[in-house]
Amino acid sequence: MSDYFDPQNEELLQDFFTEAGLQVEALESNILVLENDPTNQDAIDEIFRAAHTLKGAAGTVQMTELSEFTHRAEDLLDCIRSDEVAVTAGLVDTLLQAIDVIKAMIDARSEGRVLDQDVSELSAALAAAGRAAESPSAGSGGTEGGRVADRAGGDAAFRGDAAAVAVKRISEYDLLELREAAGEAGPVICLRVEFNEDNPMNTVGGIQVYTALRKRADVLKTEPDFDALYEDVFHPVVEYYVVSNEDSERLASAVTISDVTTQVTPLPVAAGEEGGLTTLVGEAGAAEAQRSGATPATELADSPGLSEPEVALEELEIASEEGAETEGPADAVPRAEAIKPESKAEAEARRKVSGSVLRVDSKRIDDLLNLVSETVINKASFNQLSNGFGELLAQLQERREQHDELVSELFESVPDFLERAARGEAAKDLRRELIAAHDRLSGLFDPFQNAFKNTVAKYRNTAQNLGRITGELQEGVMRIRMVPIAQLFSRFPRLVRDLSRSLNKGMRLKIEGEDTELDKSVIEDLLDPLIHCVRNALDHGIETPEERRESGKPEDATVALSASNEGNMIVIEIADDGRGIDVEAVRAKAVERGLLHPSKAISDLDAFNLIFAPGFSTAKQITNVSGRGVGLDVVKRQIEKLNGELSVWSVRGKGTRFTIKIPLTLAIIHGLLVRVGKEMYVIPITSVIESHRIKPADIKMLDNYEVFNVREDVISLLRLNRLFKVTTNENPEYLFVVIVGSGEKKMGLIVDSLIGEEDVVIKPLRDHYTNAPGIAGANITGDGTVSLIIDVPQLLELGLRQEMEQRRKMEGRIA
Amino acid sequence: MRTKQDFPSINERSVSGVKEDGSPYRVLVVDDSMFVTKQISQILTSEGFEIVATAGNGLEGVERYKELYPNIDVVTMDITMPQMDGVTALEKIIDFDKEACVVMISALGKQDLVKKSLLIGAKNYIVKPLDRKKVLERILMSLQQ
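The listed protein sequences correspond, in order, to chains G and X.
Start counting the first sequence at 0; every next residue gets the next number (numbering that gives the first Met the number 0).
Start counting the second sequence at 0; every next residue gets the next number (numbering that gives the first Met the number 0).
Just so you know, not all the hints are guaranteed correct.
To be verified - Covered by chain G, according to a simulated footprint, are these stretches of chain X (three or more residues, beta-carbon under 8 Å):
id	stretch
1	26-33
2	75-88
3	129-140
Claimed, not checked - The calculated label-pair distances, taken between Cβ atoms and stated as ranges, are:
id	chain 1	residue 1	chain 2	residue 2	range
4	X	Q41	G	L797	33 to 43 Å
5	G	D514	X	Q41	25 to 35 Å
6	G	V455	X	Q41	47 to 57 Å
7	G	R215	X	D20	26 to 36 Å
8	G	L465	X	D20	28 to 38 Å
9	X	D20	G	Q473	44 to 54 Å
10	X	D20	G	D514	47 to 57 Å
I should point out that these hints are in silico values taken from the structure, not numbers from a laboratory.
For glycine and all other residues, C-beta sits at the position ideal for the given N, C-alpha and C.
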């Protein structure tokens, strides 16, 4: 189709995929809007526009299956837009299914393959949904409904007829009328224009020529008439009766438009010629004129001419049916063939394209650019400083030489002075003389010192600037990675809708704070836990409509998704107005599962937290939505992996609220640097509770655990040197204990010393190291050494396990 | 194109996107699809045209046009766009500048709107999917009219 498109043009392809994603999103969200408000014209327009753009783009990148299918959907949408089809739940279902197929097609393409799923059934469903409304109007001449059928049919019919051009005469009366209209403006000219049928918009040609003529001449009449030209039908030949002072050849060249017209023949009209004007008109053109209710041509036609259009019309209708049926497959076959020879390399190229794309506000990039220019200036200052230091060094050397010279002079003069002293000269005079001679020595280094001071001050200044700029750069780059959480939330309307249908519960989804921004990597990892929470809320949290009615709540439940900033954390809440958590049921279940001792009294909060315990599920029945017992504990773990926390609060009968708190970004953390032996470790500051300096004697033993008393608490201790097998002095005068914790668990880590706090950039460990227990990643410190970052939650588990093991060994030894 | 960079051709290809005085034709691209905008830009800049501005919807397009006028030679205008569609934008531009050279960009199936645009005063139209040859041909044709 397009010889411009180059499959290697990755930049374009990438843009296509990005945009296709957006279009699909727009489609989906607006269809959901439409479902709730079927008359929302904006939503309909938006849907139509998105589908249309998608179709066009897909055509350009030669994804024919996608553009064909989207075209089907668009046809149906067109019917909706023109109010021919009412929006029903069934229709929305069909549309959503179609969107799923479109999504699958795009996904398949982004992986470099073509979706091989059979979509004919859905295509048929789309067509059927559209046709339901068309059938009544199709009888009225077929101009309203069946746009595709019409177009295809028209083409097919004309293909046969356009060649057979018959001669037709125009009556005297007609001519008279024309001349009257022309008045004295100039001679009447007839331009006979043949149109190129292969032009993709061949039905526009008539108007295009009309507008081209309009500038140069008065168009008196066209044949077929203007209204017919405006119809969406192709006319192979159109005659324009114009009056103009320009000569006919010039007019003819003005309307010769490549691709649109094939031939333009000016036919001068001689006034008063008997027998009328002899011109050629395609039969099909006449047929068209009749079809669209534009009658002058046929009214005036001879009787054989009258019957022929009728025949043509019949043929046309038959052809149009055939056309409608065969258009899809007939079109698809040659295109499918065209796709096949796609080489493997090409497919590879497409696969690469599907990498993740980040859309960034250009202002953020500008800010960065600004900072970069500052760093360049900064670099220049450093260069200057380095030159300055070089000069200083030279100066220093020079001064030293002078100094050495002076000193040796001094030494040389010493015997002389001694001699004079022995001769009995006054010491006072000698001293004066000595000072006078070597006065230069004392102030020799002063200029150097001043220059050095200056340079050091400049250096300090520049370094400070560098610090500020890097800080801002870091922030700026982080901001680039920030994307609004709307990207994530936008998936939920569909999810909630589908679930509410499959669960037969009426639901409203409320979304708040979708502008809140979050690191892209975090957003990606948040999807699964969020989906899980929402499903959980819908399935377990919300009662059936009957139960809701009984308890006097509105039948439609509300689920609210909200996001907000809280310091450098993001808080995401999933709240429902369902039945709330049944504390008693949770207790009973926990006891049954052996998670809780029957006699232990727990607070409500503790009970709520029990639902995060592995293997806990209070749903009596397993539904296909949730409740396989691998629920919230997985969610909790996923959230903790993101350095976040998950908590739940519930009021019986009123509803439940899940709260997820996660740090804004994962790539840079604030860490506490500690030293163990020669190694440096980083402990994320968010999990550090406090630190202590203790004497080895403060460590107490409790059941073979090393423990340590902090105020009222007993904290078990873990020696990092033992865990990581680092040799170090285990009995120094003082030990440092860093108390870390996440959630309820706390633990003291024994380290050799604390170095300080610093922002560290997390570098992931290579794949074969990721199993290093207790290590979350690595960091390169200012002096280039590598320090490992401690994974506190893992360490809490690890320490516990290791100590259990040690204890078992000890017990073995005793026995 | 890479080979051209490596071995500069002696016979410099003449480009069609420049006026007789050697200055480039200045183009305003109005399209809500970033993808199409880029495509048009690539095609035109390769022929020496200068894309002086782009706009994401009709409203923005009209504003741009008024801002840049008269330093603009041709506008490519998408038909379906949010906020203000291409036909309305075309009307506004023609209201503002009768001589404006606007080329409509339309997908198949928008014949009625294309006709309307032509009647309003669009110089020509281009059908999506865009074809390099057609795009250049039609834009140049509109400019020479």
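Can you let me know if the beta-carbon spacing of D20(X) and Q473(G) is within 44 to 54 Å?
For Q473(G) against D20(X), whose Cβ atoms are near 50 Å apart, the range 44 to 54 Å holds.
That 33 to 43 Å hint for Q41(X) and L797(G) (C-beta), does it hold up?
Violated: the Cβ-Cβ distance is about 56 Å, outside 33 to 43 Å.
Range agreement (Cβ of Q41(X) with Cβ of D514(G), hint 25 to 35 Å):
Check passed, 33 Å falls within 25 to 35 Å.
Holds or violated: 47 to 57 Å for the Cβ distance of V455(G) and Q41(X)?
holds (54 Å)
D20(X) and D514(G), beta-carbon distance inside 47 to 57 Å?
At 49 Å between Cβs, range holds.
8 Å C-beta test of the stretch 75-88 of chain X against chain G, three or more residues
Answer holds; 3 residues pass the 8 Å Cβ test.
Is 28 to 38 Å respected by the C-beta to C-beta distance linking L465(G) and D20(X)?
violated (50 Å)
Note whether the CB distance of R215(G) and D20(X) lies within 26 to 36 Å or breaks it.
Once the Cβ atoms are compared, 27 Å apart, the range 26 to 36 Å for D20(X) and R215(G) holds.
Within 8 Å of chain G (C-beta), three or more residues of the stretch 129-140 of chain X:
holds (count 8)
Do three or more residues of the stretch 26-33 of chain X come closer than 8 Å to chain G, measuring C-beta to C-beta?
Coverage by chain G holds here, the residue count being 3 at a Cβ distance below 8 Å.
The structure does not agree with the numbered hints 4 and 8 stated previously, though it agrees with the rest.
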